[in-house]
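Protein chains in written order, with this note's numbering: chain A, 1 to 726; chain B, 1001 to 1225; chain C, 2001 to 2080; chain D, 3001 to 3080.
In short, the hints are calculated from the structure, not lab data. Computed from a prediction, not measured in an experiment: that's the story for all the values here. C-beta atoms are modelled at their ideal positions from N, C-alpha and C, and glycine is treated no differently. Any given hint could turn out to be false.
[What the hints assert, rightly or not] Pulled a few chain D residues facing chain B out of the computed Cβ check, cut under 8 angstroms:
| hint | residue |
| --- | --- |
| 1 | Pro3016 |
| 2 | Val3020 |
| 3 | Val3021 |
| 4 | Thr3024 |
| 5 | Leu3028 |
| 6 | Asn3035 |
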Amino acid sequence: MEINEKLVKKHGLSLEEYSSIKRLLGRDPNFLELGIFSAMWNEHCSYKSSRKHLKILPTKGKQVIQGPGENAGVIDIGDNDAIIFKIESHNHPSYIEPYQGAATGVGGILRDVFTMGARPIALLNSIHFGSPKHFKTKSLLNGVVSGIGGYGNCIGIPTVAGETKFNSTYNENILVNAMAVGHAKKDKIFYSKAKGINKSVVYVGSKTGRDGIHGASMASAEFDENSEDKKPTVQVGDPFTEKLLMEACLELMKDNSVISIQDMGAAGLTSSSVEMASKGELGIELNLDKVPCREDNMSPYEMMLSESQERMLIILEDGKENHARKIFEKWDIDFVIIGKTTKDNNLLLRYKNEIVGKIPIEALASKAPIYDRKWTKKKLPKKKINSKKLNKLNLKDAMIKILSSPNHSNKSWITDQYDQMVMCDTIQKSGSNAAIIRVHGKEKAIAVSVDSSANYCKAHPLTGGKQIVCENWRNLISVGSKPLAITNCLNFGNPENPEIMGEFAECLIGIKESCEFLNYPVVSGNVSFYNGTNNKNIWPTPVIGGVGLIDKLTKPMNHLFKKDNSTIIIVGKTFGHLEQSVFLEEIYSDLDGQPPEINLNNEKNNGEIVLDIIKNNLVYAVHDISQGGLLVALAEMCIGSKLGANIRKPKKLGNIFEYFFGEDQSRYILEVDKKNLTKVEKLLENNNIFYEDIGYTQREKLEIEKEMTVDIKDLCEINNQWYKNY
Amino acid sequence: MNSTVIVFPGSNCDRDIAVALEKMQFKNKMIWHKETKLPKSDLIVIPGGFSYGDYLRSGAIAGKSLIINEVIKVANQGCLVLGICNGFQILTETGLLKGVLLRNKNLKFINKDVNIKVIDNNNKFLKKYKNNQILKINIAHNEGNFFTNKDHLKELNEKKLIAFKYCDENGEINEDSNPNGSIDNIAGIFNSKKNILGMMPHPERMIDNLVSNTDGTNLFSSLLN
Amino acid sequence: MKFSITITLKKDVLDPQGKVVQNTLQNLNFKNLKNIRQGKYFEIEVNNDDQKDVEKKIDEMCKKLLVNLIIEDYKINKIS
Amino acid sequence: MKFSITITLKKDVLDPQGKVVQNTLQNLNFKNLKNIRQGKYFEIEVNNDDQKDVEKKIDEMCKKLLVNLIIEDYKINKIS
Ligand SMILES: Nc1ncnc2c1ncn2[C@@H]1O[C@H](COP(=O)(O)OP(=O)(O)O)[C@@H](O)[C@H]1O
Ligand SMILES: [Mg+2]
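So here's chain A without its partners, still in its complex pose:
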């Protein structure tokens, strides 16, 4: 087939990039090679627009065993235990086919984690949909939730936490981010770096079909005479096969047979083989006649670019082939030696006794383009709010409106569709600030949470970036865990637009500042650009997934009130920052102005003291104050606990809406037994932490002095309505 300009463009490559390819090869590529370049040089695999900015993230720390660059990040939790985790986006596939898109998103991220030798122990997800009124939203929500559940439930890994948000910015481009967390022995972690010459390269897993062959290119009939029945198809997930593949891999990893292992994710066989070779600085030779194929007459192009799910590539130690084969046969999984490592640093492809492709590995990896795209800074928006207009409103009505809105309703309609308990180590399910998973057979546990604040990031990316890390950290603190490290999924619009690129660059600066200050390094992550359609980009939506450690597990800490007549304290100062708040959004549809500021010093000090207080067993309940402010947080503490609260009117702040709905950061609500109150106060005072005693818990009613009273029963009803009727 002749390579022309049109074909190059169809492969998503610019003409400059095509010239570089010719230069690197010293000749024109053939069709197969062009496909391989296009897969390796696209944004998803090469990180060509983001790499420069990602470099600034702090990735090191005493707790870090493996930072970004591997299939997933690895952290140390003591006693030879390691936690391996990563988050990944599957936005576009989920919009096209919500069930399969979300399901294969879960399958993909699980492979990233068990490839490294971890048994997955928890799944999380962050899902963003368009306006609930948009005609597509309902079926997308339905499909995505049942897809996430369908895969996780079947493979038997609990889905324990997540976040679900609605906003019209996602009308044409939903976000589906899935995170997986696994547990491994610190001395049994597997990497993708190949080692040694002439080692067997083994293909295991499902057969290769024509699934999702490399987006833009194949859709047209032009470059294939049989294209009619060879259209690229949506990937279909097979969690049953993944379960077998996982068990087989984990069984093989028990001894020393594996040199390196890599799942086949985006760009399948191409990226997995190139990555292994590139990290090991050697070459790889594949005999494509051996690739297990699902369909007849598959071409080398299709085999190399297929994104069929549930497949892995393994490089084995000499002489271990039969031992390994037996394990995979036991689990009914295909096992085929398809090639070997070589010393000449090429990707060499043979098919029907011919060499059909030969590309230097470095041309595909280290020499892939890197761009320093133009970006513009965002100014801090002017303060706009006029607090006078607020006074006409009734506090109770505002609270009810927020708690019955889709974004703030109880999410059990979603979480009931996920098996949260399988594996029997879920100490705290979703519904609280973070989920808690016990390390199997031990007395310690990890806490996990995913968080995002797209409107803060939109208003001011730098502050927003800082804020999401802090919010995530706060959620982990609130359940009594020490935050250790994060993974991040950066969902942005078109990076060729300087404003979008600016959002990206500045969010990252914000993330970096918080992570550095809090000693909360980034160990893995994923970038998803081009979220949007027809020049309409989504709001910048970085999602942070954090993992914390509870080293001595006693009782899980959560946000529900426990006892009548205990004291309620707020840790951290309330200024009444209303701009960008849920209150303004839900009541006035007003999203102007600046996001709340973050003071990293306060964040750290407040968090560390609250953790101390929890560890000393001095509190019954802890809740961070986040989107929605104080009153929404208080209501959440009542809902589900059947207890209420009696809150005094603030002394100083003029405007009660600012006080009760302001979203000032770094704050926590604590429920303290009266007998522990002096101890807690002392701890706070000795550390110069600002706190306020705001009232006490009581039965049945949430009351604000002179302002409102509401039955907890009604509150629950209000909070449960929306999904029931949707």
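Add chains B, C and D with the ligands to chain A, keeping to what the hints say.
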């Protein structure tokens, strides 16, 4: 007591039940479905999960596996057999228990803690519970909607072969307390000799106060001697 | 040779799926809908030229695995 | 009037269910099996006598709800 857990490809509550059995002092063995001989055991457990991906019908393909013939053999000789969730589905597919498990009436997977009532404790599985005792136990299934014909239903009632029914926290058995549409709120049944119990709820998830509660432990301790 | 098998729930067996689909369609404003039942469908290709023999085999497959005779009926058709 | 709809996965789309069923049948000693694909089946009864009109409506139902056109094909047949 010797117990044996049968592991099918796609079983995923096998570890959970093994942990529970060992905690309750059973001597437990795991048996891979391709084996053709069962070790000598007093109790055989078919665990929850998605055997063969729940493809075709949940439990259908596992119901045709080699090892199942052995299970049928010893079950007919009186060996105790417990099928939980997918295990219950498999038992109905083999014919060891009558009836079928259809899709949940809301067509969604349901995972939550529900209340169930002990209907009859006059058997080896439930003797440590009281009749009408209310337990809170986790369910997690897509096809838990028990259905059977009139004759079988009559037999279940007359011969006291119903183990559990879904109820609310006050023990009321009605449509509101029926999570999945099961006929007469049935959550678990025995065969006519009462040596086989199939149930949708997961007792192995309820043996540890840190994780949930301990409402499931008596099922296992009933079986010890 | 290629055959199709359609498997449907017996009349007196509740079909929750069919019911939900029916409700949804009615909500989408499809009037005049009397009844919907959902079932399964298989296409089976066989290397064998003796039609009688094949039909017998397929019938056996249905009875042994594909169909739960307690709740389901089935029909076999030759496609090609 | 009564119609049937058969929905099948497009060629080249992975059919994990069909694959497992095929393996199981082969293990149960059904030789000569070349290929099995699983699909869905609906029977729809409608109160309406205008066949053209009904067929159009059913086609609409397929497109709007019953079929995922990205991965599935469908066929409508009149039964009675
Ligand atoms: N898609 C989802 N999957 C699992 N859990 C979810 C999902 N959406 C929301 N949740 C759960 O609902 C609870 C409330 O979510 P959110 O308001 O985002 O909490 P927070 O403000 O503490 O981060 C959390 O426990 C979260 O884990
Ligand atoms: Mg929180």
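Hint check results:
1. Pro3016: Holds: closest Cβ of chain B sits about 6 angstroms from D/Pro3016, inside 8 angstroms.
2. Val3020: Constraint on D/Val3020 satisfied, holds at 5 angstroms.
3. Val3021: Where the cut-off is 8 angstroms and the nearest Cβ of chain B is about 6 angstroms from D/Val3021, the hint holds.
4. Thr3024: holds, 5 angstroms
5. Leu3028: holds, 6 angstroms
6. Asn3035: At 16 angstroms from the nearest chain B Cβ, D/Asn3035 fails the 8 angstroms test, so the hint is violated.
In terms of the numbered hints stated before, the structure departs from hint 6 and from no other.
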